[in-house]
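S.K.: Here is what each chain is made of, one letter per residue.
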Amino acid sequence: MKNPENILEVEDLHVEFPYKRKNLKAVNGVSFSMKKGETLGFVGESGCGKSTTAKAVMRLLSETAQIPEGKITYMDQDILALNAEELRKIRGKEIGMIFQDPMTALNPVLTIREQIYEQFIGRKMTKKEKEAEAIRMLEYVGIPDPKARVREYVYQFSGGMRQRAMIAIALAGKPKLLIADEPTTALDVTIQDQVIKLLNRLKEELGMSVLLITHDLGVVSQMCDHVAVMYAGYIVEYADTLTLFARPRHPYTRGLIEAIPGRNKNEQPLQAIPGSTPSLEDLPKGCAFADRCPYCTDRCRQSLPEMWEIEPGHFSRCHFPHVLDDYQGLITL
Amino acid sequence: MDVINYIIKRILQMIPVFIIVTIVIFFMIRMIPGDPAAVMLGSKASPEAIASMREKMGLNQPMWTQFLIFLKDLFHFDLGTSVKYNQSVSSLVASRFLVTAALTAVSTVFSVIISFILGYVGGMKKDKWQDQIIRFASLFGLSAPTFWIGLLLLTVFAVNLHLFPVSGWGDTPLDHIRGLILPGITQALGVSAVMIRNLRNNVIEIKGSDYVEFAKSKGLKNSVISSRHILRNALIPTTTLLALKIAYMLGGSVVIESVFSLPGLGALLVNSINARDYAVVQGVVLTFVIMVMVINLLTDIIYSILDPRVKLS
Amino acid sequence: MKKIIHFIQDNKLFVLGIAIVLFFLLLAAFPGIFTNYDPDAINARDMLQGPSAVHWFGTDNYGRDLYTRVVYATRIDLYIGIGAMIIPFILGTALGLISGYYGGKLDSMIMRIVDIFMAFPYMVLAIAIVAITKAGINALFISMWLVGWKEYTRLVRSETIVVKQQEYVEAAKVLGYGDFRIIIRNVLPNVLSSSIVYGASDIVMCMLSGAAMSYLGLGVQAPMSEWGAIISEGKTYLSQAWWITLFPGLFLMIAGLGFSLIGDGLSDLLRAKRR
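First to last, the protein sequences are chains A, B and C. For the first sequence, numbering that gives the first Met the number 0 begins at 0 and goes up steadily by one. For the second sequence, numbering that gives the first Met the number 0 begins at 0 and goes up steadily by one. For the third sequence, numbering that gives the first Met the number 0 begins at 0 and goes up steadily by one.
Treat the hints with care, since some could be wrong.
Covered stretches of chain A (in silico footprint by chain B; criterion: 3 or more residues with CB under 8 Å from a CB of chain B, positions within the stretch not fixed) [as the list claims (entries may be wrong)]:
1) 80-91
2) 100-106
3) 115-127
From the structure, some residues in chain A lie toward chain B, with a derived Cβ separation under 7 Å [claimed, not checked]:
4) Met96
5) Tyr152
6) Tyr154
In short, the hints are calculated from the structure, not lab data. Cβ coordinates follow ideal geometry from the N, Cα and C atoms, glycine included.
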């Protein structure tokens, strides 16, 4: 590890998927690191590569995925160099993952208990110990009547409870890093709140590091220490949460912030970002956001911007990050 | 016990359908041109015999009375007498029942083995050479006539290689089993093609599902993921299909028993139709219907064991 | 032009299926192109001869050229396959639409009738119906029509139920369109594709069942020649003249293969379109 305080370091990651006769470039030169105990959020619209990046950390990508370049280091281990058995040791026990849709993310024909027990494989535990631990997990995530619930099937749980159950199952493996792929997207707003609180508790009480994927800036503001904004497979901006909202320095980030409903008290119409994302098989040689950027120039179309460090810890992938110097971001949401 | 209650409930539910089916069978005989009594007794019957049969069937009475007589006879297992064999239909059916049941059972076992293994392998190795071969072979299995395959297998393995008896049933239980292998495989081949596809598609779909990904993220071994997560779920819809196919193979006995000279209900049915032995036709069709109903009941029970979401209600 | 080539490259099996079916249709329509012999020409001297340059598929027990008989029989088998499928396809789909769309008592009644038909195994019901009518090609059609419709009804009904709940159907209702119009223009097109795909496999099923019943002597009657019937004639000579059994079956299988490939290809194409 370059920095002993870091739990995860990703350098210049590229992920491609062959499609028909071309290659989809889903992740393009993504680099970031996470400190132990921090929550890092990846934001962006669908297809920007945030999920792919997260799955790459656990090597959970489909068989067709190719990683032509990049290095992923977790606690001094080179993830991309691990063999199958070493990888299995890390999955679930060091790095855990929870998924977006609790309706489909749990096996419908197994009880919750059986699915928790799967995390205990390899540990020497008696039957009683296993059951006690399973009940404890359900209790921790706030599922009422855990003794009875643990023997039930997924279909008997409500949506919010299923998400908690999934978190309980992931927790049972005692991971140090939890990857949460859009954990709140499929939930009602009130339940979203509960899940966010639960995830924050994990950080505070257990010192869990959380890699959060979401398209919802509201969730980001409630959970994350740092944020990486992704667009068309590139990280376009990176900063701590407060700075990102107060002083965004990439036109795309600005666009996202403007699109938050109820952002300011004046009754201004919602600003959508005109245009659409470029197709990943034909990425432009210049800045991927050029066509939709109100500040776009010829230079933007011709050459790919690098990540500039605008102020310590705040990066922007833009040729002209200072166009937004006067922009009034958000202090609170 | 839950299961026993369920069985009783299902039997009660099946009764209306069964009654309508018996009505259908009842009318089938009366749709044949001519006097139903004469039809049942055959062309060589004497006028006195026909008259007394008319009396027995109640042909001079209103239709619903006739139907009640029919039902009454049914409950006494009196299905009439075979003109051709000069035996009671029920004894004929009883003597041949085992053959057809055994044939269907053997066919089911073979088709389960073939399709579950190949369907699973095909799905897991999607688009690789194993999958290509399996899909290719299934296409031929789908399109080939079962009786033809049976004849070919018979020629190669029985007539030429003398591995199996040419004429099916034999005398000892061992003979019986030997005699059922070729016909069992023949039927299984025809039916497996569809089941292989079904299972393969299920496996492919489930392989890409969220809960399989979640299982992978827990660091589970491939064998655990394959059996507990993929196969367990993939088999559920295939089992439903299997039930349909078992009923289909039961009907296939009509053809296969003829090809392999097995003395079962299917062969009996074909011979009776050719001989215009309608009492037997009636009895055999009824027997088949009952067998299908039993098969459906059993599969529903097995299905509810496999899928905890489905309650026996 | 390039699009056609790309299409063929991407859908090789589908195109192969079409080619096979077209070939068989050609055989059925113009058997004379493919053979000079007379299918009924009896020739005692040439009885039971194996395949040779003169008789590509050998001869049967009457000395007739087997290849010619098989080619001429194509017409009957294809006729049975398509004819036995088309009525259940139309009627079954219509019933499925009505049953699924209207629901309620009408649906229960139709499904009850389906249940009754499902109590009989396919072949058993088919030959029982043949027993009642007289054996022959018409009996074949009637029996297969009666046995075949229920699958379409079940399939179309379940798809209709799903489509019915889609918002565009609700939107049409809100706009005040009549039921008939909604069914025909909004529901049917979405449901038709699975019906057609099933139909392709049903053609195969009908051909095979028709051949099986003819094999048993309950279908096509002499002097009509049909592949299953020819195989039946061959069974007495199984050990001496295997060619009588082999070749008609081969034709059946390949014709079936053609339709199956078309069904598969259609299914893939329609699935890709839906994405």
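S.K.: All hints are to be evaluated individually against the structure, with a verdict given for each.
M.R.: Checked hints:
1. 80-91: Contact hint for the segment 80-91 of chain A vs chain B: holds, 6 residues under 8 Å.
2. 100-106: holds (count 5)
3. 115-127: Holds: 3 residues of the segment 115-127 of chain A have a Cβ under 8 Å from chain B.
4. Met96: This hint holds: Met96(A) lies near chain B, its Cβ roughly 4 Å from the closest one there, short of 7 Å.
5. Tyr152: Cβ of Tyr152(A) sits 5 Å from chain B, so the hint holds.
6. Tyr154: Check passed: Cβ of Tyr154(A) comes within 5 Å of chain B, closer than 7 Å.
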